[in-house]
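**Student:** Now for the letters of each chain:
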Amino acid sequence: MRSLQEGPFDSESEMNPIVRKAFAKVNRFMQGIDPRAKDEGVPDAVYEVLTKLNDKEKKAFLKVIKSLTLLTSGNVELIRGYGKGWEPHKSGRWKSVFSNVSGSVATLLGFDINLKVTAEDYKQASMHLDQIANRSNIEFVGRSEYPYASTKPGDIESGKRGDKRDKARHDAAEISFLFRGLHKLPASVMSYMLTTGNIELGRACSSSTDLKIAMDYAYPKGVGFSALFIMKNPKKIGLDARQFSKFENESEVIVRGTLEVDKIYLKSYSSKAGSTDADSVLEADGQESIFDSAEKNKMIKLVKMGGRVNDYHIDELGQFAARKLLKGQDLFFVFKGTIK
Amino acid sequence: MKLTKTQIKQIIKEELEQVMNEVELEEQEALREESDAAAKQELIDAMSVPMTK
Chain A
1 MRSLQEGPFD SESEMNPIVR KAFAKVNRFM QGIDPRAKDE GVPDAVYEVL
51 TKLNDKEKKA FLKVIKSLTL LTSGNVELIR GYGKGWEPHK SGRWKSVFSN
101 VSGSVATLLG FDINLKVTAE DYKQASMHLD QIANRSNIEF VGRSEYPYAS
151 TKPGDIESGK RGDKRDKARH DAAEISFLFR GLHKLPASVM SYMLTTGNIE
201 LGRACSSSTD LKIAMDYAYP KGVGFSALFI MKNPKKIGLD ARQFSKFENE
251 SEVIVRGTLE VDKIYLKSYS SKAGSTDADS VLEADGQESI FDSAEKNKMI
301 KLVKMGGRVN DYHIDELGQF AARKLLKGQD LFFVFKGTIK
Chain B
1 MKLTKTQIKQ IIKEELEQVM NEVELEEQEA LREESDAAAK QELIDAMSVP
51 MTK
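Protein sequences, first through last, are from chains A and B. Mind the numbering: the first sequence is residues 1 to 340 in the working numbering, read in order. Mind the numbering: the second sequence is residues 1 to 53 in the working numbering, read in order.
To be clear, the hints were calculated from the coordinates, so they are not data collected in a lab. Nothing here was measured: the structure is a model prediction, and the numbers come from that model. Among the hints, a few may not be true.
[Claimed, not checked] Lysine-lysine pairs mimicking PhoX-like chemistry, simulated, CA-CA at most 25 Å apart: (1) Lys40/B x Lys304/A; (2) Lys40/B x Lys336/A; (3) Lys340/A x Lys212/A; (4) Lys263/A x Lys9/B; (5) Lys184/A x Lys40/B; (6) Lys336/A x Lys298/A; (7) Lys167/A x Lys235/A; (8) Lys327/A x Lys301/A; (9) Lys40/B x Lys221/A; (10) Lys40/B x Lys84/A.
[Stated by the list, open to error] Pulled from the structure, derived: some chain A residues nowhere near chain B, Cβ distances all over 12 Å: (11) Thr51; (12) Lys59; (13) Thr107; (14) Gln287.
[Stated by the list, open to error] Among the chain A residues that face chain B by a calculated CB cut under 10 Å, a handful are: (15) Ser73; (16) Glu77; (17) Ser104; (18) His183; (19) Met190; (20) Tyr192; (21) Met193; (22) Cys205; (23) Ser208; (24) Asp216; (25) Ala218; (26) Phe229; (27) Lys232; (28) Ser245; (29) Phe247.
Ideal placement from N, C-alpha and C gives every residue a C-beta, glycine not left out.
Kindly produce the complete structure, drawing on both the sequences and the hints.
**Tutor:** Here you go:
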């Protein structure tokens, strides 16, 4: 921790309230804008927000965009290693990793996107993510905060009542649930996940607000195990990369913290992940110790028998419990929990 | 109380077995912790990969 405190990012580099609000506004104002329009440059409402920032705030805003860009479309290994292993001849220019709109925003903030991404950039992005990904960076932006009347929703006249309704909707829905798919997990990792009650998400876990994205990613690839995390996020922790990521359709949120597992479900991939309770083969209490949980022990035994359903799995489960599994299907684990 | 040679041998044998068992358990525990730490890191690494890749 000392190295973090002594690094180039001091407390000013964390999202200060003004930058946080600007980030929320920019995210809000970019929602619903046609991607092609975004590609053409900084949207007008976003321009209004960014040009009101002072130099220090602009710098801080730029750091946020750079950090989330390097995680979403840069080299993940270099982020993990704080820039260690960076090689100059493999390094691209910022314009090749930025999304079009991020590049436009960075340029507006005075950054030369033709510069090469350096090891120091990766180091700083890693440290920055350490500092901000475990905090709530999502703020409500009311309709009355739109800078242009022309960009305001039609029912702006409803005033505060509209804001209240929007706020309630925002509180209930906005990144309240995050999803993460995993595939090709070795049996050792799967057993560890089943054993531990709290799963550390690491310094920067890439998650999505879209269940389908996580499910598609978790699709069994033939080797190893697949799993899905359904994570309640009451504190709205995370760095919202949905509008700035090069892969906008991935609805990505970078999050840091610990997943306190409430329930673990064993099912086959072919069944619907959303309906965890209905068609589960086994269900275990996530917090129960493996010494007390017969279901967890059974799941671990099944993992040892391989990821694809075979006769041993069916014998272990018994014909009745195994009726929802077919031989040749892949075992699929769903972890439901809360981010702490 | 006098102990016969056989009894002493038996006591030493039992004590030795107990110590060996404890060592074995400690080793198993250390191995398990090591393997858990490796699995935990592997999981963290997997989760940092964006779901586009």
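**Student:** Output the indices of the hints that this structure fails to meet, ascending.
**Tutor:** Hint check: 4, 17, 27 fail, others pass.
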